[in-house]
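Start from the sequences, fold in the hints, and give me the full structure.
Protein chains: 2
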Amino acid sequence: MEQRVSLVTLGVRDLGRARGFYEALGWRGQEVEETVFFQAGGMVLVLWGRDRLAADCGVSDVDDQGAFGGTALAHNVRTREQVDEVLAEAQQAGAVLTRPASDTPYGGYAGVFADLEGHLWEVAWNPGFPIAEDGSVTVPRLGR
Amino acid sequence: MEQRVSLVTLGVRDLGRARGFYEALGWRGQEVEETVFFQAGGMVLVLWGRDRLAADCGVSDVDDQGAFGGTALAHNVRTREQVDEVLAEAQQAGAVLTRPASDTPYGGYAGVFADLEGHLWEVAWNPGFPIAEDGSVTVPRLGR
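Sequence lines, in order, name chains Z and U.
To convert a position in the first sequence, counted from 1, into the working numbering, add 10.
To convert a position in the second sequence, counted from 1, into the working numbering, add 10.
Errors might be hidden in some of the hints.
Derived CB-CB ranges, DEER-like [to be verified]:
#, chain 1, residue 1, chain 2, residue 2, range
1, U, L107, Z, D144, 19 to 29 angstroms
2, Z, D113, U, R62, 33 to 43 angstroms
3, Z, G30, U, P110, 21 to 31 angstroms
4, Z, A142, U, G153, 22 to 32 angstroms
5, Z, G138, U, R38, 25 to 35 angstroms
6, U, P137, Z, D144, 24 to 34 angstroms
7, U, R38, Z, L107, 22 to 32 angstroms
8, Z, G104, U, A98, 26 to 36 angstroms
9, Z, E95, U, Q40, 20 to 30 angstroms
10, Z, D113, U, P140, 39 to 49 angstroms
If you want the footprint, here are the derived chain U segments under chain Z, 3+ residues with CB under 8 angstroms [stated by the list, open to error]:
#, stretch
11, 35-49
12, 61-69
13, 97-106
14, 129-141
Think of the hints as simulated: they come from the structure by calculation, not from any bench.
Virtual Cβ for every residue (Gly too), placed ideally from N, Cα, C.
The structure is reproduced here in structure tokens:
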């Protein structure tokens, strides 16, 4: 696993309001399918429905279990095969696979693990989001 | 507020175990004062005691309030004055100041706000962590 974070996704209950907050701070993003992507240096800050994020990570959004803190990290890889490799590596190190790898609606392949403390990492191959040599990820022009 | 994330801090209950997990994945970090810093591209992934992180953010680590998800983002700025500016901007946009700006033990100046959904952002001026022209942050050589 390369030493980098590709995306940080913040789960939100009111997407429009959350987007408005970051725009009031001068941020500019792109929204597609009720997901907002902000390029933030070499990584991407994402706003997405909190319930959808929890479901996508394979955990329940029940605070008293401490299972879902409302945030997930993503580690994007360059090939489909690397998704399985990194997930296996994480499991060997003690991580729990909360969502087995599968094809994604956006034409990629991804799975999610929880680290030893419950922090969630999606490991994703997303051919639509180019990864540079140095590992940085760029939000493409989205939408129709 | 520039559009970038400088640090992502994961709150952990067992620092040694958490560090060991990321090292098993091939990550290499530096530990100083029970805090582990991993350079991750242009930003930094930090492991720190969950209780300390909550206290430092001015929130209580009580899951059923949804006040603390176990993670905090940081936005580092180039001058001490910018800390106050960004915190004021965030408050105007509706954020709650959970820890007013103050001098930090490491010789900097920082405060913390919660966005409209409760996601925590530290806004920090940390002269020990250089910020490049493009906003990327580099972990310096730490320790004695």
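Going through the hints against the structure:
| no. | hint | verdict |
| --- | --- | --- |
| 1 | U:L107 - Z:D144: 19 to 29 angstroms | 35 angstroms, violated |
| 2 | Z:D113 - U:R62: 33 to 43 angstroms | 40 angstroms, holds |
| 3 | Z:G30 - U:P110: 21 to 31 angstroms | 24 angstroms, holds |
| 4 | Z:A142 - U:G153: 22 to 32 angstroms | 31 angstroms, holds |
| 5 | Z:G138 - U:R38: 25 to 35 angstroms | 30 angstroms, holds |
| 6 | U:P137 - Z:D144: 24 to 34 angstroms | 26 angstroms, holds |
| 7 | U:R38 - Z:L107: 22 to 32 angstroms | 24 angstroms, holds |
| 8 | Z:G104 - U:A98: 26 to 36 angstroms | 43 angstroms, violated |
| 9 | Z:E95 - U:Q40: 20 to 30 angstroms | 26 angstroms, holds |
| 10 | Z:D113 - U:P140: 39 to 49 angstroms | 42 angstroms, holds |
| 11 | 35-49 | holds (count 6) |
| 12 | 61-69 | violated (count 0) |
| 13 | 97-106 | holds (count 6) |
| 14 | 129-141 | violated (count 1) |
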